[in-house]
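Participant: First to last, the protein sequences are chains A and B. Going from the first sequence to the working numbering is simple: count from 1 and add 614. Going from the second sequence to the working numbering is simple: count from 1 and add 713.
There's no promise every hint is true.
[What the hints assert, rightly or not] Straight-line distance between alpha carbons at most 20 Å, and here's what the computed PhoX-like set of lysine-lysine pairs gives: (1) Lys-750(A) with Lys-776(B); (2) Lys-968(B) with Lys-1063(B); (3) Lys-1043(B) with Lys-972(B); (4) Lys-795(B) with Lys-756(B); (5) Lys-1010(B) with Lys-870(A); (6) Lys-1010(B) with Lys-1063(B).
Derived by calculation from the structure, the hints in this document are not laboratory data.
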Amino acid sequence: MPSLSTVLTATRIIQDVKRCIVIPENDVRQLCFLSQELLMQESNIQLIDTPITICGDIHGQLHDLLTLFRIAKDPPETKYLFLGDFVDRGFYSLETFLLLLCYKVRYPDRIFLIRGNHESRQITSVYGFYDECLRKYGNANVWRYCCDVFDYISLGAYIMGASGESGGVFCIHGGLSPAVEKIDEIRLIDRKQEVPHDGSMCDLLWSDPEENIPAWAISPRGAGYLFGYDETKKFLHRNNLSLIARAHQLVMEGYKEVFDHGLVTVWSAPNYCYRCGNVAAVLTLSDDLERTYTVFDSVLQDCNEIPSKKPVADYFI
Amino acid sequence: MVRTQDDVIRSTDLDALSCRVACVSKGYLEDEFLKPIVSGLIKFQPLYSAPNTQFVVTRNLKKQLFQAKLPIISRGSYIRVKSIDCLVDSFLSQHEGTPCQIVSLGSGSETRPFKLLPKYPELNYVEIDFAKSVKVKKYSILADAVLRSRLGVEAAETIPSTYDEFAVASPDLHTENYHLFSLDLRSIDRTCSKQTLEDNGVKFDVPTLILSECVLCYLEPEDSNRVLSFFLREIPDGSVIVYEPMGGEGDDNGKMFGKVMEANLATRNISLPSLFTFGTLARQSSRFERLGIKKVKCLNMETIFDNWISPETMRRISRLELLDETEEWKLLSEHYCLCYCTWGSFAIDKKISM
Chain A
615 MPSLSTVLTA TRIIQDVKRC IVIPENDVRQ LCFLSQELLM QESNIQLIDT
665 PITICGDIHG QLHDLLTLFR IAKDPPETKY LFLGDFVDRG FYSLETFLLL
715 LCYKVRYPDR IFLIRGNHES RQITSVYGFY DECLRKYGNA NVWRYCCDVF
765 DYISLGAYIM GASGESGGVF CIHGGLSPAV EKIDEIRLID RKQEVPHDGS
815 MCDLLWSDPE ENIPAWAISP RGAGYLFGYD ETKKFLHRNN LSLIARAHQL
865 VMEGYKEVFD HGLVTVWSAP NYCYRCGNVA AVLTLSDDLE RTYTVFDSVL
915 QDCNEIPSKK PVADYFI
Chain B
714 MVRTQDDVIR STDLDALSCR VACVSKGYLE DEFLKPIVSG LIKFQPLYSA
764 PNTQFVVTRN LKKQLFQAKL PIISRGSYIR VKSIDCLVDS FLSQHEGTPC
814 QIVSLGSGSE TRPFKLLPKY PELNYVEIDF AKSVKVKKYS ILADAVLRSR
864 LGVEAAETIP STYDEFAVAS PDLHTENYHL FSLDLRSIDR TCSKQTLEDN
914 GVKFDVPTLI LSECVLCYLE PEDSNRVLSF FLREIPDGSV IVYEPMGGEG
964 DDNGKMFGKV MEANLATRNI SLPSLFTFGT LARQSSRFER LGIKKVKCLN
1014 METIFDNWIS PETMRRISRL ELLDETEEWK LLSEHYCLCY CTWGSFAIDK
1064 KISM
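Using the sequences and the hints given, assemble the complete structure.
Facilitator: The following block contains the structure:
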């Protein structure tokens, strides 16, 4: 159980973040320490019960995350699994991540976070989160605290089916790795580190499904692999799974099932980067693992109290 | 200073230039002439502002020019520059040793003339843009020994250094085979006649390549059609390269990217009147075919990126930066097209992989 002071702090930060009030550096530090304590106890693959609502990439689009919570209900009312990529690209990465962490320390068994490829020092220093922290605080301390939390976020989740042992759902940010045959092998990874450039941990966070290939191929992203129908089918069979739920790839319709419904991509950042014009979705799994997709659109709200850039997207003009 | 719609369109050249600056600094592109062009812009552009605001204007200009760009923007800028270079090379190699001409519409801060003119002595290079852009470019050239020598221009006796001096300075620059002058493209074939263009160094009797890199898209469709028709009518042996965004077509889904783009650019007062009129490759193709051009090719930038780059180059540029999102790249690059069309005796196309 979280202590009373933790509850109070987290509740206050939740309120402030929603109103876009800057969270003092020291509060961020405290929250990050608390989160690390909590996250380090979780295993690489978390076991989660149904019903659960699974969310894909958020990418710092705080207003859209608030919309998501409005539509699918705030925690603890709904139990959530976020598939990573909380930060970068959008202009409110910090608030987004802090909000999720607050819910995590406030309701540890009603919200679960797994790590995305953007939860990394290297990627956040290119794709916006580092710059955002620097802009908001004038120094990189807050970015550093958050990156230390990233290292403790677990890698995946297993959602048990009604029948217990078989037919469950494997949840991961990116996808499969040629170095991982059984989910149990993921438990052996020492995850408490920066995302490596290769190897199974990297692949799980970076790989993509590809409908036009049977097995494995080099990924155009420069990290992870492309995996095809056959490999996905084998992995599902080997691990007694009914579904792989992952995020990582923009889907204009918010979600996309491939490989005879054996794999789904869930994307939860509407109008990604304020440029793509896509809708977003979350996936709710009922007790008998029935899938319900909720699709939602973006809202642009003003967040005047926080010094930030106006969301103006780049084009070739 | 009142900001007019033309100033807004001019400002898009700064976006394009800052993308090229980022591409060069990250190692995607090499362009030895970018530095003097950028220095010139920083030196002369602020002279349009009142003296007591020049410091701030300079600061903002630098901030914009050296702004960090995301990898997806670097990649898109890279393929934009290289694919056009590739077609320009195809045109020039077919006319080596014989007179030919490039007319660059809305050329802005483009550096191709500095690269090409010393290499192709028979080439006549014409750059047309707004007076304000042309003037900045002229003095950027005159103020730099390297740029001057590439074009064979004598050093100027005086270079304006104040608001007042710059205001009265003449914008145009002409050498024997380089012509930089100001013209509102919308006036072509209306208030601006063939004779006016001839007086400014445009030749109508040599094989000509017309470049429009995100230029005609700022015109109403009927204006851009008139500009193209004019060159088609007056130049027997010609070719045109058009690079611009496409808004899509059909239902909301098909137009969504374009609609968001339209709304985003509207916050900067930029409008793209033909974004949906020429919103797809098919619409782009028929635009040229309707004008009577027979050899028309329109490709989206995703196709060009996937097919025009050699495996070695692909390996090299993939290593420069980690691209986090390939779907986003696909979406962005399929909304830009490169159209190259020819009438007359020659054809341009990709010859070898880049």
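Participant: So, for every hint listed, does it hold in this structure?
Facilitator: We went through each hint and held it up to the structure:
no., hint, result
1, Lys-750(A) with Lys-776(B), "18 Å, holds"
2, Lys-968(B) with Lys-1063(B), "30 Å, violated"
3, Lys-1043(B) with Lys-972(B), "17 Å, holds"
4, Lys-795(B) with Lys-756(B), "28 Å, violated"
5, Lys-1010(B) with Lys-870(A), "33 Å, violated"
6, Lys-1010(B) with Lys-1063(B), "11 Å, holds"
Comparing the model with each earlier hint shows violations of hints 2, 4 and 5; every other hint is respected.
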